[in-house]
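Novice: Each chain, letter by letter, is given below.
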Amino acid sequence: MRAQRYKSLSQLAGAMAGFAIAILLLESEALLVWAERLEIGPARAEALKAATFVHKKLEPIGAETVRQQSLAALDRLGWSDDPARLAAARNRIAAIHSPDMPFIPTMAKQSRSTPAPANSAPPRGAAVPILAALPANTPLAQLPALQGNQPRVVALVGDSMMAVGLSNVLLREAADNKNLRVIKAFRSGTGLARPDVFDWMEEYPAMLGSDKPDAIIVAIGANDGQGFVDNGKVLPFGSAEWIKVYQQRTAAFLDLLTQNGARVVWVGLPPMKSSQYDARIAEINRIAYSVVSQVPQATWWNPDFLVGDSSGKYREFESSSDGRTIRLRQPDSIHLSDEGAALLAPTLMNWLNARPLHIAELETPKTLRAAERAKTAKRSH
Amino acid sequence: MLFPTVEFGLFFLAVLVVAWSAYRVNWLHKLFLLAASYFFYGFWDWHYVPLLFAISLASAVIAQRIQASEGLRARKLWLVLGVMLCLATLAYYKYTVFAFTTALDLWSRLGRAPRIRIPSPLLPLGVSFFVFHAISLLMDAYRGKLKERVRIHDALLYVAFFPQLIAGPILRASSFLPQLRAHRNPAKIRINRALLLIAAGLFKKVVVSNLLATRLVEQVFAAPQAYARGDILLAVYGYAAQIYCDFSGYTDIAIGCAMLLGYRFPRNFNAPYTATSPQDFWRRWHISLSSWLRDYLYIPLGGSRGTALRTAANLMITMLLGGLWHGAAWTFVAWGALHGFYLVVHRAWTSIRWWPLALLRCTAMWRWASRLLVFHAVCLGWVFFRAPSFAIAFTILRRLAVPGLCTLATVPVSMALFAGLVGQFQPLRWRRALEFELNGWPAFACGAAFAAALFVIELLGPSGVAPFIYFRF
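As they're listed, the protein sequences go chains A and B. As numbered in our numbering, residues 3 to 383 make up the first sequence, in order. As numbered in our numbering, residues -4 to 468 make up the second sequence, in order.
With the rest of the complex left out, here is chain A:
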């Protein structure tokens, strides 16, 4: 029995050894990606050191080749959920089939064959001063009325502040509206602070594809209350250098959004329940407002008067017009609930100025003929 016990333990040890060696060979690159994506801090530094050591040792034997080739094959099949990777795969296929077409390189997200730059946003000119006070209620002037039969193309852009609540409500509003076409360009767990995790400068064009939105609603920044590494230097959240780089990234992203003449509403982040988190979000709002207010095509819009209390502070419940008590936030006290987001929707839909067609406009030849017959019948009477 004792021998049997030791045999079982030695089998377990053998299985663990087999697992450890195989996983390091197959996943050394993925481990490095994981370490790079950790929150900035001592744990990340140690994990990165260990993962880099393993990766460097295994690189000469081509350990990462299997993973890279497998990922490339899956991308060609359209399996990936990463827009930039899919776009890169499509470009490669297109380049093979039509050699004259220029090859547009895009970074493979999970592969380190083309490593992501720490700050992919191009630096802009002199940083604008950070404005201390946010406007309480900026009016949103309606976009010009639609011309012709073309619907208004609106992109919903952002992190989970757009993905949870707000996008649901806006998509429902737009569902029956033939004058609106919505592009979903949001991804939870992303932001502008960590392009090494999700690079919006690269992913956004891939999300759009060939579409060119003429209106954009952005809600982003909830994950940006963290430090990041820029040019090998750790910048703690809120430091002067952090603000400078974050401001550059915000400005570069706004440039990207507006480059085809699109009009942008940048929805400010709502007040948060945790005072510590709320202070960080307020800082991010100030930076975003300072950058957005420099661009005539864009407006920074503060939703606090709708989802905050009378002084703009966090508020969780509200009485609806029919007397019901509605919860404005998700149970995490961060994201807007559908009911909370519904308070923002009328203003945003009004800004889009793409009302559904009126009944008269919707009349088909069939209904017109029926109306004509009714008129004729009335006259004959």
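It is worth saying that the hints were derived from the structure and are not from the lab. We treat Cβ as the ideally placed atom computed from N, Cα and C, and that holds for glycine. Hints may contain errors.
Stated by the list, open to error - Sample of chain B residues with no beta-carbon within 10 Å of chain A, all distances over it, derived:
#1 LEU8
#2 GLN59
#3 LYS183
#4 LEU228
#5 LEU255
#6 ARG259
#7 LEU292
#8 ILE312
#9 ARG342
#10 PRO422
Said to hold, decoys possible - Below, a sample of chain B positions facing chain A; criterion: calculated Cβ distance under 8 Å:
#11 THR302
#12 PRO383
#13 PRO407
#14 SER409
#15 PRO457
Following the hints, put chain B in place on chain A, whose structure we already have.
Specialist: Relative to the frame of chain A, chain B by itself:
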């Protein structure tokens, strides 16, 4: 800490090494597992570690009191005190907002509701599960199912044991505490079975569930107005597959991890969409919860011992409360009511003893028709379970009448749907044959094969892993 993460992988490898290094000294082994479980829980959010400790300690002390009391009255008093304490904790964290908003809505219908500040505590992770563990400890002590006196450190580990802490399966004190008494026996570890369970669980969660969630279900349930019959049907079937793969995937990983540590967890899912009746479904879906509700709620209510009407009422109460356990919203209550209704109707139907019907029920065609009917009845329930409001749920049902194609049926979505639904019909012998085959391999090769399986899962999985659905409960 989420199961399908590198963090958990590193944590579990370390736990496995240390736990088996200390297995000869049982108290040390258990103390280490207890510390590891608290680390696992606190890694996510340390704020609720004291709550977990307090609930575990209180239930352990009260269970001891129940065992030590001589008279039935005293035992009952201690039981009521313990259960009330557990339920009050659950009610405060999970149902405060629901209760206040419902009361205010009712009040506003009668007149002008008062303006009061509604407390909205953050929901501690896995609170529904650890509270149910604590209640099981109290009930088993009261019913005399625990042969030996409850030891505090064993009870603490029973409630907080990390593989089941966040989302079950819900263990019974009467089956788990004896395991803690005994020394671990490494000869009993079924390494290959555990590795197969973990790999299958990760595949279900990381590949199938995540893929269906992000590319199909979330889109359609966010704005069903934008979709027609084809996509709506696809999303409803997709959610049926998603929630099964999500939750059964989690429990497969939990069972596999516990098995590697030398503990046995009960089976929690048994191909639920192959069920031929609502009763059969609940014997296959979340088995540990349905048996918990049966033993600690349905039977104490009287079970099926009374009249047909009383049995129907007991079924409805059990399922309504079961629905409410899943979430503090009326949509969950509607889901529970729907399943209660199915059970009541099925009970009435099976009581019909007409012989041609009895003959028909024995045919294969009838069984398959029943499967199809039960599956669609379950899917109807999932619409209310998944929809954020009744308005969305009814929009989903209305849009079924609007003709339209399956625009979201991409190759990955179709493959995931097939794997999630049709995969349940795979014969059990396939898994056994695979385990048997692996048993002939050297241990080193089995470990390497497991790594290769994880590699494939990592490649096929999305770039970010969403939390498990059942974490919310």
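Novice: Output the numbers, in ascending order, of every earlier hint that fails for this structure.
Specialist: Hint check: 1, 3, 5, 11, 14 fail, others pass.
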